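There are 2 protein chains.
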Amino acid sequence: MQELHIKVPGTSETSYRIAIGSGLLGSVWSAVDMAFAKCRRFVITDASVAAAGHLNTLLQGRDAPTYVIHPAGEQSKNIDTVVAIVEAMERAYLGRDTLVMALGGGTVGDIAGFAAAIFKRGVPVVQIPTTTLAQADSAIGGKTGVDSSISKNAFGAFWHPAAVFIDVATLQTLDERQFRAGLVESVKHGLIADQGYFEFIETHLDAILDRDMNTLETLARYNCTIKGRVVEEDPLEKNERRVLNYGHTVGHAVEAAGDYALLHGEAIAVGMIAAGLIEVELGLSKPDRLDRVRRVLEKLGVPVKLPPHLAEDRVIDVMRHDKKAVDQWPRFVLLDQIGQVHCENGQYAVQVGRKIVEKVLTKLK
Amino acid sequence: MQELHIKVPGTSETSYRIAIGSGLLGSVWSAVDMAFAKCRRFVITDASVAAAGHLNTLLQGRDAPTYVIHPAGEQSKNIDTVVAIVEAMERAYLGRDTLVMALGGGTVGDIAGFAAAIFKRGVPVVQIPTTTLAQADSAIGGKTGVDSSISKNAFGAFWHPAAVFIDVATLQTLDERQFRAGLVESVKHGLIADQGYFEFIETHLDAILDRDMNTLETLARYNCTIKGRVVEEDPLEKNERRVLNYGHTVGHAVEAAGDYALLHGEAIAVGMIAAGLIEVELGLSKPDRLDRVRRVLEKLGVPVKLPPHLAEDRVIDVMRHDKKAVDQWPRFVLLDQIGQVHCENGQYAVQVGRKIVEKVLTKLK
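As they're listed, the protein sequences go chains E and P. Heads up: the first sequence is residues 21 to 385, going by my numbering. Heads up: the second sequence is residues 21 to 385, going by my numbering.
Read the hints as simulated data drawn from the structure, not as lab findings. Careful: at least some of the hints might be erroneous.
Which copy is meant is left open, so a pair is good if it fits within one copy or across any two.
[What the hints assert, rightly or not] Listed next, the in silico EDC-like pairs over lysine to aspartate or glutamate satisfying Cα-Cα at most 20 Å (straight line): (1) 383 x 167; (2) 97 x 107; (3) 27 x 253; (4) 172 x 117; (5) 258 x 364; (6) 58 x 222; (7) 58 x 342; (8) 325 x 279; (9) 27 x 252; (10) 27 x 260; (11) 383 x 253; (12) 27 x 226.
Just so you know, these numbers come straight off a predicted model, no measurement behind them.
Based on the sequences and whatever the hints tell you, model everything.
Below is the structure:
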């Protein structure tokens, strides 16, 4: 037997730009012209975003091949939609010199990012998020993917955007429930990384809920800075990136066990209360810290308890199938204090006994 | 407007092992045990390879979740097969700790490599090629992909293997036409990179066609060394990797214009003769060099002329749609001498006037 060794060259470090503003959507097309002059564009959006007028604002009367996902929402986040998009790109005679522009919420970003990742072995994507969730979270970090008939994000790729444009003016058309649920990830960013940011949210809740543009721009800047810093440290989610899963162990389980009747942010709100209760049980926190978090979430109008008809057993059962579970029991991200994640032996996701979790779930009823 | 910049960290340089031997298939499973102890395996192969007994040799009586592509061949190289594979992996309760083992020819490697690239945002793949084509070419280099209903390799990813195991004994069961066609890429490697290798093939044609194991091992070592070196220099096909497309401009067009009646290697043989004729026209070569190449290909029993019913116009038309075409006219890789590619202004794919190409196609009738 003979052996050879083939080097896989490391890709060189690059960076991408995040532009944040109010009313910048109309100038995104020209801004992209400079950086991607040689690329032909393909726009991906969904029926809701198009109906809200944002597609017209982006295009400014220009003609560009566009795919409008219909219906908008999670039900279209599947491999069939990606296949339809890739075939639409082929019918538009697009090649490897294509630039995908993803205009919409988290679902559009996930679908379009994944389509870009696998079209002719990968073309760049510009993310233009239009929801509180996507602007705070999903547009940054390079996670893309769609569901199979069996599970969520069964298909996916890490595919970093070539640029991100955040126009907080697009949030004005977002329905109230989506707007509020998406803010939960902002609260999470304060909790895991920046006490000053958490206090800013606490003291500006009225302006946030009034959708004051300046305040929303400040939120976007905090969110992108925090998420960007975490992703830079750990792009492929080996360890540190797990801090972003604060509230997600119970949150994901509540979301799935409730058959996705709650929005993602709503379920994560319940999950963050669960994490806070675990912190109290373990002596990492006093109840007054949890009260501060609960007050913010209540003001946002998101749930802070389990939905009435959801049994704790069902939540436990889903947690045991968590994709990050070890020996069928998940790990938890917990806080030492607001702005600082608890770390044990270098690990940010730690073990918590089943008895404690069961007790906490009972308190969430 | 505010701006932030997010770093995308460069991945660190890694390498993968290529093991070459005769009769090593039965020990691949244990060899992988050491390097990927924590991974659960999923085997992907096709009906022909399984029928030839190679799947049993790999498994050695072990039980492992396996997907057998049926029917074998290009007609299964599509996104539906990849979806079926990913769903089979989910039904086997596999997660991110999966290792895909791809056992088969180029089609199996392309499908399985792509499935690994997109399963839960990417899991490693071990390539175990069983054809002359896959052992010489497609198992190394990280190109994966499948066809859409509209074009070839519309879906794909660059996904380098975690290891490659080449057992030349698996070539004993390959049908004669496939065996011979796959050797054309070996001839190409000699022509573009190593005069000594070309001369080795010239002088060992009888042993090669007798499938002498030692000779086939020598070929594998030459092929992997040459392809590995080119891919290391240019993993994403920006320039130097294009030398691997020698014979492919006309070859691909002949393959497509003839509705894939010719095997890939057979079409590339015609394309290499076309490239040789262009070299003579441009004064890069004397006819005796082309005669040497033609003698080798004729001994291999692959075509050295256009198929009788294929019109030159049809070939020209397909070339104008080549994905690497500029202004609807493709570039050509040409040789200065055996073992050395012609380079103009740092480019390995050069312009050739249409009149010359038309004249050469006439000579290929």
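Contradicted hints - numbers only:
1, 6, 11, 12
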